[in-house]
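Protein sequences appear in the order of chains A and B.
Using the working numbering, you'd call the opening residue of the first sequence number 1 and step up by one each time.
Using the working numbering, you'd call the opening residue of the second sequence number 1 and step up by one each time.
Read the hints as simulated data drawn from the structure, not as lab findings.
Careful: at least some of the hints might be erroneous.
Label pairs and their computed distance ranges (CB to CB) [claimed, not checked]: (1) B:Val384 <-> A:Met61: 24 to 32 Å; (2) A:Met61 <-> B:Arg724: 47 to 55 Å; (3) A:Arg37 <-> B:Val529: 50 to 58 Å; (4) A:Thr24 <-> B:Gln349: 55 to 63 Å; (5) A:Arg37 <-> B:Asp65: 23 to 31 Å; (6) A:Pro88 <-> B:Gly545: 52 to 60 Å; (7) B:Gly180 <-> A:Pro88: 51 to 59 Å.
From the three backbone atoms N, C-alpha and C, an ideal C-beta is built for every residue, glycine too.
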Amino acid sequence: MRLFRAKDKPAGDGVGMTLAQALTGQALVVSAIRDDRRVQHRLAELGMRPGVRIKVVSHDMGGPFIIAIGDSRLALGRETAESIVVCPA
Amino acid sequence: MSGVSEMTQKTDDGSPRRRVVVALIGNPNSGKTSLFNAITGGRGHVGNWPGVTVERKVGPARRGDVRLEVVDLPGTYSLTTFSPEEIVARNFLMFERPDVVINVVDCSNLERNLYLTTQLLTLGVPLVLAFNMSDVAETSGVRIDDATLSALLGAPIVHTVGSRGRGIEELLDAAVAVAGDIPAALARQHSVDFGVELEPHVRELTAAIAQRDAQRDAGVSPACRESILPSPDGGVDLTSSTGKAHGTHNAGGTPPSRCDATCGQCKHAANLPITADPCRRHHRWLATKLLEDDADAGELLARLGVGEVDALRTEAAKARTHVERTMGRPAEMLLADRRYGFIHGACSQTVVRPDAGATVSDRIDRIVTHRWLGVPIFAAVMFVVFQMTFMLGGPLAQKLDAGKGWLAGQVRPAVGDSGAWELFRSLLADGIIEGVGAVVAFVPLIFLLYMGIAILEDSGYMARAAYVLDRTMSRVGLHGKSFIPMLIGFGCTVPGVLATRIIESRRDRLTTMLVLPLMSCGARLPVYVLLLGALFPNRTLVQLGPVPVGLQATMLFGLYGLGIVLAVACSLVLRATVFRGPATPLVMELPPYRRPAATGVVIHMWERGWEYLKKAGTVILGIVVILWAAKTWPGLPPEQLAAFEERRAAVHRSTGVPCDAGILPACPEGVSPSAGGEADVTYSINQAHGTHNAGGTPASRLAAIDAQQHRAQLEHSAVGRLGRAMEPVMAPAGMDWKVATAMLGAFAAKEVFVSQMGVVYAVGDGERTTLRQKLAADYTPLQGLAMLLMVLIASPCVATLVVTARESGSWKWAAAQWLYLTALAWLLAVGVYQVGRWIV
Ligand SMILES: Nc1nc2c(ncn2[C@@H]2O[C@H](COP(=O)(O)OP(=O)(O)O)[C@@H](O)[C@H]2O)c(=O)[nH]1
Ligand SMILES: [Mg+2]
């Protein structure tokens, strides 16, 4: 049932991969967030900041993502997910 | 609740009695409201915070001889203000100075929830930590060393289960104890040490602020000053850098020596563990705000009476640049890192939690937010909510309506019959009872709908619905949550507008409110049915197997569809013009699924329903009475009234029905020259049948005379005249004064269009077929189409406007809603009619 388009494939070496390219169930570490300051700040306050381990709970192709950070579950829009640089944990 | 934070009064028996203001603050869904209800026993009052449409809940409680006033603050993730809710919460703490702040912490998600706690500690407010959801934490195997964690943070911890009212007494005891000696409590609390790179800047800015704070000593009692002593238990090293920071600090020689005041925090800043400031001037916290370049920092400083704000800003900007250059990251991110570092340090010493794999919530989410299943599940859930609301609420509403009719019936014969009484009776029956009825008719629907919403919210599903719909809605420039009010709007616009409260972004919320009336509400259906039935042939367009698809049904469907299309178009336009701005990116927490507590749901439903009744009800009632007056005055001239009486008398004479005490007083029911409309027509017909059952013909003749009189009265009244005056405007859309008058009536409630048309055509209520025939004789299908467009789009009803004004916080938005929809309707109707005439 997993039909991924090319751009949804995870990058092989994990360098420069964004959260938007991650697979369901994948464990990742946030390496940078490239959004405007306000959004960055908000995300940081919700626990999404560089160095943090996260996990993709589910994602909707072309739509939003559910990310596990510790005990919280965060829903993120696709654009936000595209601004979060991650590497595999 | 003023600036005076604590009041001591003597009771009758002479014992001192204190009144303590308690504020509840915490993350959304941490259980604040549940705790609030448990503390106050559900005796809270709901209102709005001044100037914003954020719910404000205040309630009384008592513990021993201490009277408490509990305030439920809106949910907030931090004191950095991203939303009106968060501003309300922060300002309350800073400017209304509650005696004690209960920080509600969801201890099944400790680290994230403690983030707010670290900010509260820096802010410097007397804190008690309510570790709520301790049942959930327990079952998932989380163990917390309360004593150590409490010592690390410097605030008491009490475990609670808000939904079952557990731990409330201990919580209140702790709160009362803290409120009893605020300076001591503040002195015990530890702020986060921001580390070697940031801490010197924070301290420098703190000192700079303190120096410019002219009121730093205001309201500080000598006892408070005394208490500013080195705290013996302070200085717990949470992170390795704490020690270093102190070291650097002492060596580096940046003690804020300029601060000469008794403000202990600044005086001892260089060599003391960081305790909260006992004067509650929030200097340290303001310093972090300045460093974060928070947009509100300047305003807050000014409001606290701190001078030279620009100089402070410049100083902060220098520090910011310095930090950013040396550290390569903005100060606010580094501060957030340090706060999480502090939390992580504290938790790693005190909290044991099993490694949680996929939780139950995750497993449910895999289905509920599934790419394909998400939308069908949402549709099913909403169907159930609707079914419940309109199936359960519909009959209740009908009962209330019947009760209204009965009451009006009681009033009519009960009161005397002379001219003045006649008028009073009409006011009572057709004005007030009708008006109250119009308000009350919504009540079952609103209460049930609120119950449905409360269940969806408390269970955690609402956030999932927003998630599932976000993809679709974001194309229209709206938030996923906008979908729910729109769906509710198909039932009734009023609860739809009220449901926009679930949308956080004000732009999204206003956009949703403004386009909501385009969803065809239930009250428009009878109007559609009348016009479609009267003016369009019931031809079968196509045969889909055994199901014939008729023209009327297709058009009905088309009207609903057109409403949606227009709503999408209008929200796109609004988002591109008035409410321009980046689409709010979806960043939303999904709380774990929970079984909603019945009491919480009922309290929620009751509070919101009652608020609607109180606030909207009074205004709606007033306007309905005004509309009644406009239909009653000016009354028919006496000679016309006499003419109608004469015709009635003629009927009586011809049938020989005894009318003992002269014609007028004896047959008041049949002849009541009421201006009310449909209810009266039915009523008079029934009465006529009762009294004059001698034969159908005289009764129907009397009814016909009544109907004619009603029409004459309506035509003569202010509404009728206004309708006539509107004719030139309506003519390009193919409409005459009759339609205009009916539209004016529809302003009270959309379905009134039908009864008003009945009055205009002088037909009784039971004679819809006659009305259809008469309409068919007067109007072409093209005119019908224009009318349908007007009914769909133009002028939302009074109730909608009132609720929009209330919820948007300004009549301006209600006026905007009315104007743009009416203008749009007129343009479309005129366009369709003119183009249609040219083609046909
Ligand atoms: N299991 C459990 N559920 C709770 C507790 N406190 C609140 N809840 C539930 O959590 C949900 C959100 O609570 P609410 O009081 O509305 O949170 P608020 O957003 O902070 O006001 C509701 O369904 C409550 O019934 C608790 O201590 N234990
Ligand atoms: Mg709440």
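These are the hints, each one checked on the structure:
no.	hint	verdict
1	B:Val384 <-> A:Met61: 24 to 32 Å	28 Å, holds
2	A:Met61 <-> B:Arg724: 47 to 55 Å	59 Å, violated
3	A:Arg37 <-> B:Val529: 50 to 58 Å	55 Å, holds
4	A:Thr24 <-> B:Gln349: 55 to 63 Å	35 Å, violated
5	A:Arg37 <-> B:Asp65: 23 to 31 Å	51 Å, violated
6	A:Pro88 <-> B:Gly545: 52 to 60 Å	54 Å, holds
7	B:Gly180 <-> A:Pro88: 51 to 59 Å	54 Å, holds
The structure shown violates the earlier hints numbered 2, 4 and 5.
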